[in-house]
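K.L.:
Top line first, the protein sequences correspond to chains B and E. First residue of the first sequence: 12, per the working numbering; consecutive thereafter. First residue of the second sequence: 45, per the working numbering; consecutive thereafter.
The reader is advised that the hints may include incorrect statements.
[What the hints assert, rightly or not] Computed beta-carbon distance windows for the label pairs: (1) LYS116(E) <-> LEU196(B): 49 to 59 Å; (2) ASN294(E) <-> GLY163(B): 48 to 58 Å; (3) VAL393(B) <-> LYS116(E): 50 to 60 Å; (4) GLU104(B) <-> GLU124(E): 47 to 57 Å; (5) GLY193(E) <-> ASP137(B): 35 to 45 Å; (6) LEU127(E) <-> GLU102(B): 46 to 56 Å.
[To be verified] Far from chain B, some chain E residues (derived; all Cβ distances over 10 Å): (7) ALA53; (8) PRO106; (9) GLU120; (10) GLU125; (11) SER139; (12) ASP169; (13) TYR173.
Bear in mind the hints are in silico, worked out from the structure with no lab data behind them. For clarity, every value in this text was computed on a predicted model and none was experimentally measured. For every residue, glycine included, the Cβ atom is placed at its ideal position computed from N, Cα and C.
The primary structure of each chain is shown beneath.
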Amino acid sequence: MLDTQGLAVCRPPGLFFSELMSHAQGEPPKAIWKKDGARLVLVLSGDWLRGGEARVVEGEEGWPDGFETEGLGKFDSTLPAYLMQRLRAVEVEEPGLEGLPENLRGLMELALKVPERSDAKSLDEDPHGLKLLGIRLTATWKAVESVLEFTGETVLSLGRFFTGRARFRGSDFWLTLQECGINALPIVSLISFLVGMILAFVGNVQLANFGASLYVADLVGIAMVREMGVVMTGIIMSGRTGAAFAAHIGSMNANQEIDALKTFGFNPFDFLVLPRLFALVLMMPVLTVYSNVVGILGGMLVGAAVGIPPALFLTEMLTAIDITSSSLGVFKSVFFGVAIAIAGCLQGMKSGDSSAAVGLATTRAVVASITAIVVLDSAFAVIFTILDI
Amino acid sequence: MASEPKEKAKISVRDLTMAFGSFVVMKDLDFEVKERDIFVIMGGSGCGKSTLLRHMIGLKEPRKGAILYEGKNFTEANEEERLAFIRRFGVMYQSGALWSSMTLAENISMPIEEHTQISKAEIRDLAYYKLALVGLSGYEDYYPAQVSGGMNKRAGIARAMALDPEILFLDEPGAGLDPLSSQRLDELILRLRDSLGSTFVIVTHELASIFAIANNSVFLDTDTRTQGATGDPKSLRDHSENETVRMFLNRGETPEDEESA
Ligand SMILES: Nc1ncnc2c1ncn2[C@@H]1O[C@H](COP(=O)(O)OP(=O)(O)OP(=O)(O)O)[C@@H](O)[C@H]1O
Ligand SMILES: [Mg+2]
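Just need the whole structure built from these sequences, with the hints factored in.
P.N.:
Below, the structure is given as structure tokens:
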């Protein structure tokens, strides 16, 4: 139940919620417009209470020249809200309030004191049809533009860094390095191990039919080092680190911390994006190698279970992969790292200044970086096929 | 008031129009802040005071008009010239805007590290001193999230003062402070003006504080969307031709005896 002590209504002054409920069955609230000669009079009667009976409205038109309130019982905010709604509908310059009881009149005067911000309405207008299409297209183009702009900024920022003019806090870099390195190991281990096992299981089901179970080792090895290791690491880092970048930078933006950086002469781009970019680009290859190794171990475990001794598994696998193929994943991981860092930081930097906007920025960062990973990976697949590696 | 401000325009706002999209917040703003002024920006809630401050420090571009510092155009300056101007500012934001991943002392040290060549120990001493000035001794190693709203605000003021800037912009420094801290703050502002010769631009609603420290002001009028008056708040209170301004400065009461000032 509500704490009823705080909830007072206008008349009588001591009326509380419990009473209010019991009175809700009283007279139904009525608003009757009457022509009194040339004058338009609004007769208000009954109890105007929240949750009370349905209101009876007759002959509603314009704004009355006067009010009659003899029959008016108790009322809470319902009555002034109704009158305000009338005023919004008819838009009179200086609405007369004669005949309203003193306290109601006082409240209405307060509510009318500050004029509505009139040019604010254009913001709420609902676009549709061609206009909506136009707005969507412009928004899409803007998004593309902002990615290009951001990438350009990154290059400029790198230029400043290598000429020794970019500033950021070393501790920011080390913290991020730890966050996207060591702290990511448990989840990368788990996922990679399981993926390695799944590959081995699925491969074995098919290969065993031909009595070629041994080739499970080749399958696991090639799949892990070329594709699965780097893609899985990329996706984990998108969800973990890319999202964290967007949320952190976005909330700094909402709290004007980025403005504060600017007015102290720091370049927010150098200060926030560079350490994160460096840390992620350094850690992605390391994590990818780690993920490859753990994945192969997972495959080996399944292999042992279906009768391939680990030593045999290893020798067989090494015939299938060489230095070139095992460096492909690592090579790709650098690009994935750049994509994740840019998506996360970009969404954070251009996030709006409310908590909802930060949430949205985080979602966008994850979606954008996973999309980028898959698109990049497909592009690499095509390129590697053409180059025949 | 301790010393007469010199008659030199430090900041000139010329014919400024501020807008968000199609919504014009304020138009035709035109006033000057003199050197060593304690200048207040007054006006009702939501009338655009913080927005005006953001224009003055270059975080938002004017729709029309310009901001000049010592006669030099800030609005049209290129990136490098702007940075040179900005180095002379100290800014405190309405929300404090401390860097949340650093302690209070680190917040103050960072700008000093960036812009000076002094030793770590000296920087630490400076940071401790600035925090002590705003009554936060002992909180050096707290993170912004671990101290109260008013303390965040005071630390924000300490950070704004970190580099002993020529011009300090403070957005509602007194809001959320108790009367005693608020009075200490007024005293601090006066002392800094007198000892360092800083110029202050302050957004505030607090009449007591306005009359205690300000010697110049601009009033933003929500109804007409432009400046209502500019000048010494005490004389505006008694003699302004604009009724809204007099009402604001008299808490909505019309002054009976003009002698009391
Ligand atoms: N990002 C924005 N987009 C659109 N309108 C905005 C934005 N920021 C502020 N406004 C509008 O500009 C007006 C002025 O806002 P501002 O924050 O400058 O007010 P203020 O005078 O500082 O108020 P207060 O005293 O409450 O801090 C408000 O009407 C607000 O709705
Ligand atoms: Mg404000």
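K.L.:
Does each hint fit the structure? Answer for all of them.
P.N.:
Evaluation of the provided hints:
Checked against the hint of 49 to 59 Å, the pair LYS116(E) and LEU196(B) passes, with Cβ atoms roughly 55 Å apart. A hinted range of 48 to 58 Å holds for the C-beta pair ASN294(E) and GLY163(B), which are about 55 Å apart. Look at VAL393(B) against LYS116(E): about 56 Å separates their beta carbons, and that is inside 50 to 60 Å. Here the CB-CB span from GLU104(B) to GLU124(E) is close to 54 Å, well matched to the stated 47 to 57 Å.
For the pair GLY193(E) and ASP137(B), the beta carbons lie near 38 Å from each other, so the given range of 35 to 45 Å is met. For the hinted restraint 46 to 56 Å between LEU127(E) and GLU102(B), the CB-CB distance of approximately 50 Å keeps it satisfied. Annotated as non-interface, ALA53(E) keeps its C-beta farther than 10 Å from every C-beta of chain B; the closest such distance is 22 Å. At roughly 17 Å from the closest C-beta of chain B, the C-beta of PRO106(E) stays outside 10 Å, upholding its exclusion from the interface.
At roughly 18 Å, the least C-beta separation between GLU120(E) and chain B is larger than 10 Å, which holds for a residue marked as non-interface. Separation of GLU125(E) from chain B is adequate, the least Cβ-Cβ distance of about 13 Å exceeding the 10 Å criterion. Annotated as non-interface, SER139(E) brings its C-beta within 10 Å of a C-beta of chain B; the closest such distance is 6 Å. Non-interface call for ASP169(E) relative to chain B: holds, since the shortest CB-CB distance, roughly 20 Å, exceeds 10 Å.
For TYR173(E), the requirement that its beta carbon stay farther than 10 Å from each beta carbon of chain B is met, with the minimum near 18 Å.
Hint violations for this structure: number 11 only, all remaining hints satisfied.
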